[in-house]
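Engineer: Sequence order for the protein chains is A and B. Letter by letter, the first sequence follows residues 1 to 164 of my numbering. Letter by letter, the second sequence follows residues 165 to 365 of my numbering.
If you're looking for bench data, these hints aren't it; they were derived computationally from the structure. Just so it is clear, CB atoms sit at the ideal spot from N, CA and C, and this is done for glycine as well. Accuracy of the hints is not assured; some may be wrong.
[Stated by the list, open to error] Which chain B residues face chain A? A few, computed with CB under 8 Å, are given here: (1) Gly211; (2) Arg213; (3) Asn215; (4) Val256; (5) Leu271; (6) Lys298; (7) Ile340; (8) Tyr344; (9) Val348.
[Stated by the list, open to error] Mimicking DSS-like on lysine-lysine, the simulated pairs with C-alpha atoms at most 30 Å apart in a straight line are: (10) B:Lys326 with A:Lys99; (11) B:Lys326 with A:Lys105; (12) A:Lys61 with B:Lys261; (13) A:Lys66 with B:Lys287; (14) B:Lys326 with B:Lys247; (15) B:Lys298 with A:Lys90; (16) A:Lys37 with B:Lys287; (17) B:Lys326 with A:Lys61; (18) A:Lys66 with A:Lys24; (19) A:Lys90 with B:Lys287; (20) B:Lys247 with A:Lys99.
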Amino acid sequence: MTDKSTHSSFDEYQDPLDNYEPVKYDDALHRALAEEKVSAIESQPFSCITPETTIQEAVEKLNQMKKGCLMVVRDQKLVGVLSDRDLLMKVSLEFDEIKNEPVTKVMTDSPIYVKIGDSSAKALSVMAVAGYRHVPVVDEEMNVCGIVSPQRVTAFLTEHFDGQ
Amino acid sequence: MVPLSPLLLSETQAGSIAILVHKMQISLNQEHSRQYQSWFIKGIIMGLRENLGLETVRRLELRRLITATPDMLVRDAIQLMRKHDIGCVVVVDEEGKPDGIFTESLLRHLILSGSSFLDEPLKGHMADRCPWVKMTDPIQTVLEAMQINNIRFICVVDEEGKACALTGQKGLMEYIAEHYPRVVMVQRITPIKPVHKREGA
Numbered sequence: 001m002t003d004k005s006t007h008s009s010f011d012e013y014q015d016p017l018d019n020y021e022p023v024k025y026d027d028a029l030h031r032a033l034a035e036e037k038v039s040a041i042e043s044q045p046f047s048c049i050t051p052e053t054t055i056q057e058a059v060e061k062l063n064q065m066k067k068g069c070l071m072v073v074r075d076q077k078l079v080g081v082l083s084d085r086d087l088l089m090k091v092s093l094e095f096d097e098i099k100n101e102p103v104t105k106v107m108t109d110s111p112i113y114v115k116i117g118d119s120s121a122k123a124l125s126v127m128a129v130a131g132y133r134h135v136p137v138v139d140e141e142m143n144v145c146g147i148v149s150p151q152r153v154t155a156f157l158t159e160h161f162d163g164q
Numbered sequence: 165m166v167p168l169s170p171l172l173l174s175e176t177q178a179g180s181i182a183i184l185v186h187k188m189q190i191s192l193n194q195e196h197s198r199q200y201q202s203w204f205i206k207g208i209i210m211g212l213r214e215n216l217g218l219e220t221v222r223r224l225e226l227r228r229l230i231t232a233t234p235d236m237l238v239r240d241a242i243q244l245m246r247k248h249d250i251g252c253v254v255v256v257d258e259e260g261k262p263d264g265i266f267t268e269s270l271l272r273h274l275i276l277s278g279s280s281f282l283d284e285p286l287k288g289h290m291a292d293r294c295p296w297v298k299m300t301d302p303i304q305t306v307l308e309a310m311q312i313n314n315i316r317f318i319c320v321v322d323e324e325g326k327a328c329a330l331t332g333q334k335g336l337m338e339y340i341a342e343h344y345p346r347v348v349m350v351q352r353i354t355p356i357k358p359v360h361k362r363e364g365a
């Protein structure tokens, strides 16, 4: 009796993967956005400053590095970003008065970031929906490990168009 | 131009193709029509790559253009940019055609030179070449211009060459995101914060 019921349940067993249908993508970019990680877009090396850096030093570094954004980092943890927009809105007319102040006074604190394991689509989402041009990338311990820049995103898009 | 049923694109007339995409009629010139005619016949359209060549700049989410004259002081231009929270002003001539552009990245270089630049006219500090596209150009033009020139903003001009809108990286990202709503638009933007307190009982 026991043997019979065992046989019966074995015969009725269905492999759940029998019904699995692989995800279908419209094109190579669609696949890349869904499957490739942020690490495929992020820029390396990236530029960081400490919260104690003065505004003048930060602007000098931005110009030297020819970058539009610096990450403000303490013990490798992200505390803010300083971008061209911060300079426009908070520094450009007031530079002489505040140039020796720490960068924390004018930086964007609590910036939106993505994790290194996120899909590249998430970085694009931050840019398209939230409107940020530079998106910091952090690892699971919140250590800074890169930045997604507009130039890299444009290159990523054209790279996958060309790959079609 | 012959209006067609939405998404049924196979009509060729007098060297141009008339299509209706997202309730918009877009006229393509002869050069473009040759390039994409085969796609129409094969019926392989409406992917992002094809749409970049077919849809025009008009289809993008265009931003309001903030203009200035060459004689405007840099200080006033900065105030304008702050007021409208935008990263550039387009400098136009008497006819309203783009003559130059002043961006926040140019401003970054000026900041260290002392504050005297604030009371100087824009014409001494702007970029003389303002990248522009026509309203009727394919969106592909914007992507190529951004990649080749490494720029963020592109002025949009009308049929007479007058500056009428602004587009650039954000508009392009929004356009691309629209094509992949299931992979891009549903992404959580803010990071998930850890729960510090136990939920429930």
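Engineer: Would you mind marking each hint as holding or not holding in the structure?
Structural biologist: Verification of the supplied hints:
1. Gly211: 5 Å, holds
2. Arg213: Where the cut-off is 8 Å and the nearest Cβ of chain A is about 5 Å from arginine 213 of chain B, the hint holds.
3. Asn215: Because about 11 Å separates asparagine 215 of chain B from the closest Cβ in chain A, which is outside the 8 Å limit, the hint is violated.
4. Val256: 21 Å, violated
5. Leu271: 6 Å, holds
6. Lys298: Hint on lysine 298 of chain B: violated, closest Cβ of chain A at ~21 Å, above 8 Å.
7. Ile340: Since chain A brings a Cβ to about 7 Å from isoleucine 340 of chain B, closer than 8 Å, the hint holds.
8. Tyr344: Cβ of tyrosine 344 of chain B sits 6 Å from chain A, so the hint holds.
9. Val348: 5 Å, holds
10. B:Lys326 with A:Lys99: Not OK: lysine 326 of chain B and lysine 99 of chain A at ~40 Å, beyond 30 Å, violated.
11. B:Lys326 with A:Lys105: Measuring from Cα to Cα gives roughly 41 Å; hence the hint is violated.
12. A:Lys61 with B:Lys261: 35 Å, violated
13. A:Lys66 with B:Lys287: With Cα atoms ~23 Å apart, lysine 66 of chain A and lysine 287 of chain B stay inside 30 Å; holds.
14. B:Lys326 with B:Lys247: 23 Å, holds
15. B:Lys298 with A:Lys90: The hint is violated at about 34 Å.
16. A:Lys37 with B:Lys287: 44 Å, violated
17. B:Lys326 with A:Lys61: 38 Å, violated
18. A:Lys66 with A:Lys24: Cα-Cα ~41 Å, so violated.
19. A:Lys90 with B:Lys287: 23 Å, holds
20. B:Lys247 with A:Lys99: 23 Å, holds
Against the hints set out earlier in the document, violations occur for numbers 3, 4, 6, 10, 11, 12, 15, 16, 17, 18.
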